Every structure is written in structure tokens, then in C-alpha cells.
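Knowing the structure of chain A, use the given hints to seat chain B on it.
These protein sequence lines are chains A and B, in that order. Under my numbering, the first residue of the first sequence carries the number 1, and numbering increases by one thereafter. Under my numbering, the first residue of the second sequence carries the number 1, and numbering increases by one thereafter.
Worth flagging that the hints you see were computed from the coordinates, not collected in a lab. Take these hints with a grain of salt, some might be off.
Said to hold, decoys possible - Facing chain B, from chain A, some residues (calculated, C-beta under 8 Å):
hint	residue
1	Arg240
2	Phe244
3	Tyr247
4	Asp248
5	Lys449
6	Arg652
7	Asp708
8	Pro750
9	His751
10	Thr753
11	Asp887
Here the structure is a predicted model, which is why all the values come from computation and not from measurement. Glycine included, C-beta positions come from ideal geometry on N, C-alpha and C.
The residues making up each chain are set out below.
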Amino acid sequence: MQINRLKSGGQINRDKTLRFTFNGQSYKGYLGDTLASALLANGVDIVGRSFKYHRPRGIVGSGAEEPNAIFQIGSGATTEAGMRATQVELYDGLVAKSEKGWPSLSFDIAEVNDWCSKLFGAGFYYKTFMYPAKFWKIYEYFLRRMAGLGAAPREPDPDYYNHQNTHCDVLVVGAGPAGLMAALSAGKSGAKVIIADDQANFGGSLLASKELIEGLTADKWVSSQLQMLEELPNVTCLSRSTVFGYYDYNFLTINERCTNHLSEFTEGHVRQKLWRVRAKRVVLAQGAFERPLVFPNNDRPGVMLASAVSNYINRYGVLPGKNPILFTNNDSAYQAAIDMKIAGAKSVLVVDSRSEQPSDMVDEARNNGIELQFDAVIRNVIGHTKVKGVEISTYDSGSNTCAAQATKRTCDLLIYSGGWSPAVHLHSQSGGINKWDDNRHCFVPHTTKQASFSIGSCNGTWSLEDCLKEGIACGRDVAGSLNLKVNDINLPITKKIKLNPMMPLWQVIAENSVENLPKQFLDYQNDTTVSDIYLAVREGYTGIEHVKRYTALGFGTDQGKLGNINGMAILAIALGKPIAEIGTTTFRPAYTPVSFGVCAGEDIGEMFEPTRKTAIHDFHTESKAPFEIVGQWLRPWYFPKDDEDMSSAVIRECLATRSSLGIMDASTLGKIDVCGKDAVTFLEKIYTHDVAKMAVGQCAYGVMLGEDGMIKDDGVMARLGENHFYLTTTTGGAATVMSWLEQWLQTEWPHLTVYLTSLTDQLSTIALVGPNSRRVLQKLVDADLSNDNFPFMKTCKSEIAGLKVDLFRVSFSGELAFEINVNSNFALYIWNLLMVTGRDFEITPYGTETMHVLRAEKGFIIVGQDTDGSINPHDAGLGWLVSKEKDFIGKRSLERVDSIRSDRKQLVGLLSVDNKSVIPEGAQLIEKKSPSGPTPMYGHVSSSYFSPVLGHPIALALIESGRNRIGDKLLAISSDAKAIEVTIAKPIFYDPKGERQHAK
Amino acid sequence: MLLIKCPWCGVRDETEFSYGGEAGIERPLKPEDLNDQEWADYLFMRKNTRGLFLEQWNHSLGCRQWFIVERNTVTYEIIATSKIKNEAPDIQVDA
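Next up, chain A with everything else stripped away, as it sits in the complex (with noise of 0.2 Å):
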């Protein structure tokens, strides 16, 4: 039963019923309906539990300042936290669940918190669960399932969200009075305008008013204006779309919510849309929030807002109450009591804070028969789950005081409202500077950092008619400054009403009066109270960003909305000092919550990151090599033949490659060409070894150093002509390097005419590795490759199949073999010619981890496995590599003290003594004996793998002056404590003298 819905009136539609459920009740409300207008509709009124005292709490406001009404929407994947029901449009068949409160909301057995809470002050966490450190996450579990901060969603998220970049002249944000008159000036002027407001309608206040503008009423007029802005094509109109960051250079975020309002996952739609606009102007009409009264048990069910009263009656058709009290120190609170006495409230009291004087609004308020009670405050709240009534008290506002006596009344709804705070959230995230008020009572933007206008409430204008002059005057300045033709338009009229100012009353008993009073909150979502700010100030905290850290104020995704001002204003009374000196804290994006969904956009899956393949890539498919991901490339792992597990697969394919042949796809080494008249002075500097003294045609394995003296990165270079080279990175390193080279040029060495150019996509590499490598390409090429005419570590080019090919006679095995550098388009035909040509030979495809076994059986080192920027080539036994004679990058840090420290870590092998375990990568080298108190560490594994051609593990590992240890014994200790025994060896397992590689 819909027992507070209004028979007639709102803007919502009678015939659409709509089912929905909250907590497993089902309840029923209509199309229009926000999942908090239905709630009060059905009569719904503990919506939840409060954060930290679990007290029950009632629904406050009707939009993003709503602290208690946070529900967990839908369930299973498309599930989403933190949903305020002020903000979440009703649709069929709706789920709703409170996050707080267990077992139930009518009972919530933490509510004990409430009635220990003199335990519970601010700062209770950090006093409480310090000690011991370690039962920290025990603490952590329990606190955060009593906050009940709800739950994210276990599956993917089914939905599909995407990304829109846009520029324009003048974003408007926020399409009340104000708004639209400036999006309208602005946009008839012909500027390029994105107007944005986070409602599903444009209105803003306007949708509540029964104020007349150009004779028509408020909504009517509205529609009238959407029509004039939605005909002028330069002019975007987004609804349901909350602008929640502003960021620098005008750069401003959008979060537009497509189809939220239509059900919980609507399929083949975009569900949120993240705009990411840069506007020449940005007009900032966001209005104002309604600021509560602070006295004891200001939070109970049924203390609601008077411009949320004002929103349910007009736009939904609710009644919240039948005997409402209103508690005022301001004007604009007297239209929700109107409102309350038009839908047919039986009484009405209005209790305001000030003495009479003459108002229109006062005048109204008695024409209609509502009692005024003036000089008078509201100093208790009676009722638990509801309220039930309320103590008042006689106010004198000269002294401050409130009367000891109090007369108790009976109520069903308190409405309150203690003035309103500008909505300066963008503004300050903008950079812009707000100012005290004095005569206003609230802080107002002052300076701007940015090119934007903050105007209507948002600026601290009140009146509709000064809204509307604003926004008008705000557009045609725009409009001049982008250097428009300024086409004016017409102020609307409206009619004129005399207000009076309203009076700050900031709290209504003094904090220090009275013992032992009832909990006055100041921000509802993180149950800060003005006792916490007194305890802050008694603790020693004077600032307010301090203050708001030490009790939560404004924390969460509050943001400052609902309690800032007020709890800013008693830190000043606290502390004895004017509100202008304390300040506000700093406003962060969002303004609003914003779903992870919409920020990943499109970036998600396969989207997340680029893949790459080789172009031999559909061979290792079809092999059903398991593929590893290294710098983005799909690289094949192992082979399988049949159902071989790795393991065997390797073996074989170690052991084919050593005794016949090998073949690997090593096309995703980074490749760079390297040429122009300076090409060798260039690389002079950057690799350690003597580049000038190589002959054409020959090959260098170099290594290049950061100008700390660490290994950066290593490969094969070879001069290909005099100013000619061609350089190698590892697959990882490929970008990096390129960029680094280019940094050096560009920023250090302008002056060298060197030209870099990538080679990694375009050409394809092909290893041809093991003792019969050199007679199987002999068949395919007429070069002559006899060891006589090309030895290890040449290159020369030749052609296979009538193709332009490289030949490098290089080795990453210890093996004979040959690289085949190759334009991409022809690498798989190349590859499938060897493998036929092969045949004879068993040819074994092999991957990336044959590759490491065999690499690490000569000790050869892996960049970033090996070394880890802290490794110098002395360091990894590379010391031949380095050039006494000329400078290159990091040489003189070779010479600093730390450098040439004799137990520095280096690079050894390790034997298992029982020559069987393999010792896991990562363990940790100690003595078999250490002495007590922290075990010294000597260094660790960083390669191990099982030997197939030697037949047990071998391993290599860095370790402290490790040169002058070999077969020394140390153990090695990994994650699982095991220990395993160890001999240090030399890091060259297989073939130490090198003959293979230089096969005849």
C-alpha cells in the first residue's frame, strides 16, 4: 500500500505501476519515482543503520546529499554498492538491499555501540586496535563487515561501458534556473555548448517550484526552454549525467548513465558513458545544498530536509507526514510547509529560531493556516525507529541561550533546515578559492584558477529572478569572450518575493551546557557528532583538515555534502575563532561516486592491453604450444608433442637441439637500425665495449649501461657498413631502449647525425640452432657458410627461396647456429622451408623455456632475471665486455667507492649436493651454520632449471664476493623454509671452453 502517495499532482506517471523489492519486501510504486520517493510512498521509514553506532536512520534529502538511504542494487554480476535510493530511478522489478544492519534494520544487534558510545568517541579505531600490530587484520575483518560497506559483484561485469573525448566552448554544468539561461545565451550566440545536469529531467530546483515564471508554471516553463536548446544544433544536452571532476586546463569529467533508469542490465546498451571534455569556458550552476540544524537526536527516522519535503510532494505526489513540525532559521523552509498544508496535512507547526518579521513567505505560511511559533528551537527528539515528537524550547537569539524548560509536542515528521550551502565542490577542485560570507553565512567562490563562472545558488544567489539575470548575464559574457556575436535574450518574468535574511544558528545547545546530552550528528553517513569535534579540539587538533581526518567529517562519498559547514562552524566555536579562519577542507573528484565499469570503459579483456604475435605465430598454434606472455608478445613456451607435459617436452627438446637441431621463433627480440656519419661515436657511448675497432660484417654481444653503472639491457650488435649498425634488445627492453637511445640523441647529443629507426615488426628472426644447423642452411642459401669464410660472430647477406635475407652466426645455446633476420611477410614461409628442408635432421621446433635451460647450462644472463639494476657487468662476470680506453655511459660510476666494494653480489653458479633437487628460483642463500641473532643473507637464485644434457639441476644465483666462494656449501631457503644444500660453482655448466659455438 502506497499509504503516503497523494492522489493527484507530481511528475509521475499513475498508470505505470512498478514492482519493486527493498530488503526481500516487495513494494510497488510508479514510473517517475526515484527508490527513495517509493520507500516514502509505502511508508518505508528506516531505510538503514548508521556507520559506526548502527542507529537506525531514516531518508534525509532527495539527492546526491542523501547520507542514509546507500543500497546495494541487483545482485550477482551487475550488482552495484553504494547506490543512493535519492538517485536510483524506480524500474520493474528492482532489488534493493540496505548495506548496513544485521540480522535485520529493525534490529541490529551492534546497535550496543549506540549505548556504549561514550567507548566509541573519534579516534576510538586508532586507540583501540593498535595493539598487537599483527591481530590488525582480525580487527579489520570484523570493523569493516559492521560498517556494512556493501559488496562488489564476484563475476565480470556483463555490462559494456565506453569512453566519449569532446571539446567545446562553455560546458554548463547543472540545468536549473540559472544553467539554462546561460546554456541559452550562450548557445543562441552560437557557441559550442555541453549542458549537463545529473537528474533525469533539466530543472533543477524549478522541478519543485510552484513559483510562476512568464506566466506558466515552473515545469511547464522548463519544458519550454529544453525545446529552445534542444533545437540549436550547437548545443548538447546530457541528463542523468553528473560532472564529477574538474581537473587542470579545463579539462572536466561527465559520468552519463544510459540505462540505469530502464532495469539492472539492459542488453546490447551502453550502460554509463565517461566524457572527457575540454571546454573553452566552464559555467558552474550546480545550486546548493540544504544544511541541516544540529541538536540532540537530529537523526532519527522522520527528520527530513524541507526542500526534500518540497521534492517529494511535487514531483512524486508524497506525503511524508500528516503532523509535521518544521524547525527553521531561514525563509525558503516555508514553502515545505505550504507545500505539506496544500497535499493535506492535518497540522502544521513551523518552529523558527528568529524573532517575526514582516515576509511574504510568513504571511503565506499563516494565509494557509499553519501555526508559527517565532523565537523557539527544537532542543530533543522523541522516538527511536520514528519520530514521535519533539521537545521546544524558547530562544533567545541575542544571548544565544535556549530556555531550560522545554514543552513536548507530538509530530510524525520533522522537517528542518538551517540555510543553504553553496555547492562550490568543482569550483574548489578547480583550483578556485571560496570566501567566508558574513552576510550570507556561507562560504562563496572567490578567485578562479581556471576559465570558469560559478552562478545561480552555487553562487550564493538566492532569489529566482537574480538565478535567471545571472545565468543570462553569465552566457552573453561567455559568448564576448570567445569573441561572439552576442545574441541576448529576454529576462523572464517572475514574480518578486520579499525574504528575510536568514540567522546562523550553527547548534542549539551548547556543546559545554549541558552533561550528558543525546548525540547532535553533524554528518550522518560517517556518524560524526559535535561532541567528536569538542573531543578533536580537547586532543589538541586546531586544523581542519586534521579534525576532519581525526572524526570523519566529510569522509566517503558524503564529500562534504550534508554536515561540513556546520561541523566547520562548531570547530570555530570550539576553538573561539570566526568561521572565515578555519576554512574548508579540500574537495576531491568525484563528486560523486563513479563505477569502476565506466572509468575501465572500453579497456577491458582484450582491450586491456595490445597483443602480439609474431608472424610465425599461426605455426606455434597449430603445434599447440602454450603461449607466455612476455612484453606483450605471445611467445610459444614448449612444444607438446602429443600429450607430453612440459617437462618431457623440454628434455626432448634440449636434447634434440645439443645432438642435431633446433629451430626458435626469435622474432620478438627488439631489432634497431642504427645509421648516419656519427653512428660509431653515438654508439661509442653506448655500449661498454670497443664498437669503433669492429670490422664490417662482424657481430658483438654488448652490453649498455645505465650512467649509474648498471646493466640496462644486452644483445647481439653487429656493423653492418662504416656508419652502419644493427642492434638487438631483449623482447622486454625493445621500447625502452629505443627511447632511451632517442633521448640521448635528442637531448644530449644533438649534434651527432644519427639515425634510429625500429626494425622489431618488420623484420622476422629465425634460430637455426645445433650441430647440423650449418648443413641445413648450406642447402638453402649460396652463401658460402663454411666456418673458414663465415665464423662465429659474422654476418653477411644472402637469399633463401630468391628473398633478402641476414645471416648472423651467433649463438644464445653454446650451439653451432645461425640467425635468419627476415621481412616479416615471408618469416612463415621461410620457417615451414626449414622445417621441410630440416626434416632429415629431426629438426625440434623448441620455445622459450628450452631457450633458458639451454642458455643457462653456459651461463649466459638474462636481463632483468639476472641482474635487476643493480648488477654492474663486473658484477655479472662481464668485466671483458668493458673498455679501458674510451667513456660511455655509466663508466665513471663504475669507478665510485660502492662500485668497486669487494662483496658485492655476483654472478655464480650453484650444484645441488644431492644432485637432484632443482632449487627454486628466488631462494635465499644463508650458511649451513649461522650464527644467532638475524640470519645473514648472502644472495639469491635467480635461474634454475633441470640440465636434460647433463643430467641434474643446475643453477645460477648472485651472491656476496661469489667469485671467491666457488665450492663453498651454502643452503638455499625458499617460500616453503625448505632447505636444500648447495655447492657454488662456476656459472658455466656445458662446454666451458666454447668449442661448440665455434664448430668447424
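For chain B alone, coordinates are given in the frame of chain A:
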């Protein structure tokens, strides 16, 4: 998000660029002549200026050129951008 004027391509979003730290740090022409302290100064020590600061940026997702940006580190205002001069260092020849 900053708007940065690449001296080669024009005004683009910050996401196209990467940051390269303080500008104007010259690699010593004769590193071997420097003591450890002087070398460490070149290698590690950078200014942490509050206010106007000259820094290097790279149009890494554009033309890949490095250039100089004068930026206010407090307000993030970019005052000017300029190309890197194509000049050889002034090499002192030992007598």
C-alpha cells in the same frame, strides 16, 4: 590534465607526453676528471623547485621529440615550450 604545446605538433593532451625531469643537466664532458661527489651531483641531485621550473618532456605518443617546458610547479601553468638547440658542446681542448 595539462595541455602541452609540443613545439613540433602544437597543443595536445598531457596523456600524449611523458615527463623527463629537470632540463639543462649536462653530461660532463670528462667524467673521469670528476671526484665521486661531483659525479654523484650530476647523477642523482635534482632541484625540487617551487615555482618556475625548466623541465624536459617527450611527445612520446606523438612525434617522439624531446623539448623544454617552462612550468610553474605550484599552479601547473605552462609558460613556454621550446625545441632543444642543435648545438655541439663547447669542448675545452687541453693545452
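Item checked: Numbers of unmet hints, in rising order -> Numbers 1, 2, 6 and 10, in rising order.
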